[in-house]
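J.: Residues per chain are reported as follows:
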Amino acid sequence: MNIKIDTEGAFGSAIVVLEPGEKFVSEAGAMYRASPNVDIEVVSRKKEGQGFFGGIAAGLRAMMAGETYHLSSYQVGGGTGEVGLAPTHQGEVRKVEVGSETWICSGGSYLGSSGGIDLDTQYQGLVKGMFSKEGLVFVKASGQGELLVNGFGRISEVTIGNGITIDNGHLIAFTEGLEYEISKAGGGWISSMMSGEGLVMKFRGQGKILVQSHDPSRLGGVLGPLLPPRKG
Amino acid sequence: MKYDIISAPSYALVEMSLNEGESVIVEPGSMSWMDTTIKTKTEMKGGLFAGLKRKMAGESFFLNTYTAEGGSGKIGIAPGYSGDIVVKELNDETIYMERGAYLCHVGNIETSATWEGFRGIFAEGMLGLRVSGTGLLFFGSYGDVQEVDVEGSYTVDNGYAVAWESSLDYSIARSGRRIRSFLFGDQLICKYHGNGKLWIQTRSPRNLAAWVHPFRPVQRDNK
Numbered sequence: 003m004n005i006k007i008d009t010e011g012a013f014g015s016a017i018v019v020l021e022p023g024e025k026f027v028s029e030a031g032a033m034y035r036a037s038p039n040v041d042i043e044v045v046s047r048k049k050e051g052q053g054f055f056g057g058i059a060a061g062l063r064a065m066m067a068g069e070t071y072h073l074s075s076y077q078v079g080g081g082t083g084e085v086g087l088a089p090t091h092q093g094e095v096r097k098v099e100v101g102s103e104t105w106i107c108s109g110g111s112y113l114g115s116s117g118g119i120d121l122d123t124q125y126q127g128l129v130k131g132m133f134s135k136e137g138l139v140f141v142k143a144s145g146q147g148e149l150l151v152n153g154f155g156r157i158s159e160v161t162i163g164n165g166i167t168i169d170n171g172h173l174i175a176f177t178e179g180l181e182y183e184i185s186k187a188g189g190g191w192i193s194s195m196m197s198g199e200g201l202v203m204k205f206r207g208q209g210k211i212l213v214q215s216h217d218p219s220r221l222g223g224v225l226g227p228l229l230p231p232r233k234g
Numbered sequence: 005m006k007y008d009i010i011s012a013p014s015y016a017l018v019e020m021s022l023n024e025g026e027s028v029i030v031e032p033g034s035m036s037w038m039d040t041t042i043k044t045k046t047e048m049k050g051g052l053f054a055g056l057k058r059k060m061a062g063e064s065f066f067l068n069t070y071t072a073e074g075g076s077g078k079i080g081i082a083p084g085y086s087g088d089i090v091v092k093e094l095n096d097e098t099i100y101m102e103r104g105a106y107l108c109h110v111g112n113i114e115t116s117a118t119w120e121g122f123r124g125i126f127a128e129g130m131l132g133l134r135v136s137g138t139g140l141l142f143f144g145s146y147g148d149v150q151e152v153d154v155e156g157s158y159t160v161d162n163g164y165a166v167a168w169e170s171s172l173d174y175s176i177a178r179s180g181r182r183i184r185s186f187l188f189g190d191q192l193i194c195k196y197h198g199n200g201k202l203w204i205q206t207r208s209p210r211n212l213a214a215w216v217h218p219f220r221p222v223q224r225d226n227k
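Keeping their order, the protein sequence lines are chains A and B.
Per this note's numbering: the first sequence = residues 3 to 234.
Per this note's numbering: the second sequence = residues 5 to 227.
Chain B on its own, in the form it takes in the complex:
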């Protein structure tokens, strides 16, 4: 297997060459193009329960396996958003990621949902995605993705964390002082603790959607 990430960081796409018999597991909808030697198989990876948990974490119930059969072949894999893609080699390791960050993987890697507890209600989603095993993992986000080596702690605005190593944990906090928060409506931020790598995105789809909102037509009552 060989890969190349082209047109990064704005419109990143994974261009992967598979030898005969090699496969890549891809988030449904993320295959852009492929050679005719690549065959598709749709599976509930890890069984029904794992599929349900994935679904709850904002990922797909099914995952697609693309295998080169009867010769080598190429496949192009890109996420639904315009942005950067990060490649991470996992060596019997676990990383956590936000909903929708997972793109594809090669090797023996499992994806399942994690319960984020009550902090999840206030943060990005109720459930995150736990990715563990040995292999090559590709993930990404809308916007640019920046890697931070956290030593002790680091602050990320809510909605901007993409993924983090399992040696890191986070809690939800308010920015600013309490009285000012009460008056002006403060923002929630994620405080990461520990030592490890953290990936942060530079644009928020939620902010873009909020910006578009006033351009929507206004509903008129016909009564």
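Just chain A, with the same shape it has in the complex:
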């Protein structure tokens, strides 16, 4: 498997080259091009042995994670094939190696992963889920392989030795072992709200974290009120 990432300019994308027997999975709808020998199958997020309804339940959990509740899987019938994946927003796409480290992605940051990666949803708990902009459920990628994530704007990797504070809405993914709590940015609640920063995520422990330069919900907040109201 060979993954080529286009990093030139504002619109990142990835082309995954597959050999027979290899498998790649992406968020449904992320595929924008594919060679004719690629078999595309829509699958609900499902664990082995859970059966049909287990699949639906897992799908519902994924839906709450701010993602569509099904994934597309790609395999080649014969010979080498390619599939192109791109996110909705302007911004970078990045490849992350999963193996020695397990990564946990926020709701909308997961783009795709190779067949050797196990995907699981991690419920963030009601308080964290309600107050963070990252969704109720995170996607945990363990096993061995390559994970693709997307960010709104530029993606930066930060190595954490002694904790870090990230503004709500900028998290892409972090390595397992890091703990976080939702907290106010300033000293008191009033000054926190007045500063415009509101809530932040405070991480503790050691590991790596990927952050995006821009917060998509702020773009939504600017554009939404300019559009005619939708029916409730």
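Read the hints as simulated data drawn from the structure, not as lab findings.
Quick caveat, the model's predicted, so the values are computed rather than measured.
Careful, some of the hints might be misleading.
Just the calculated beta-carbon pair ranges, DEER-fashion [as the list claims (entries may be wrong)]:
| no. | chain 1 | residue 1 | chain 2 | residue 2 | range |
| --- | --- | --- | --- | --- | --- |
| 1 | B | MET48 | A | GLY222 | 39 to 45 Å |
| 2 | B | HIS217 | A | ILE162 | 32 to 38 Å |
| 3 | B | ILE10 | A | GLY222 | 28 to 34 Å |
| 4 | A | GLY165 | B | ALA214 | 36 to 42 Å |
| 5 | B | HIS217 | A | GLY165 | 36 to 42 Å |
| 6 | A | THR9 | B | ALA214 | 23 to 29 Å |
| 7 | A | VAL160 | B | SER170 | 48 to 54 Å |
Yeah, the Cβ is synthetic: ideal placement off N, Cα and C, and Gly gets one too.
Please arrange chain B on chain A, whose structure you already have, making use of the hints.
T.: For chain B alone, kept in the frame of chain A given last:
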């Protein structure tokens, strides 16, 4: 005529230098800036019917001709979206493109609508744009534009094809298997057949609009 494409691929703009008497035909609204030596003329290219057909294909009824008069001059041409621009030299050739992909051209090139048949109802638009003749054609899209040499066939997600050579044809298909489509709501894809060049965009304005939708205020009934 000389041109340069600047700030590609994200915010591409055609910077064109015209000698006296030379002209460029531009999609209305796409002229960003120009020297005072450049004069504008708005025309229904090809007459009323061609204009109507263009309109139906999502392009403009009128096209603007910019001509350098009384000296050479420069003009900047950019589409309404942020994205890449492709330059294609046509030599008595035809290419097809999606609604809104056409930007400008130099030379003897005609643009008109094509009937996409019933597949057009399910695909991007009812009508595509047929561009043929001899000259230099500029087109583009939202996002990055990638060129693919199709040998046999190639799959593109619905809404991501920008343009294709006339040696290619397409049909609409479903991705995945039928039973799964029924359960999970499948996507429609375009399957291109033949041998030739195909240009694909990497972002979809429709997906962006769908993403913004939940941020719209909710309408309240005053009753």
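J.: Of the hints given before, which are not true for this structure?
T.: none
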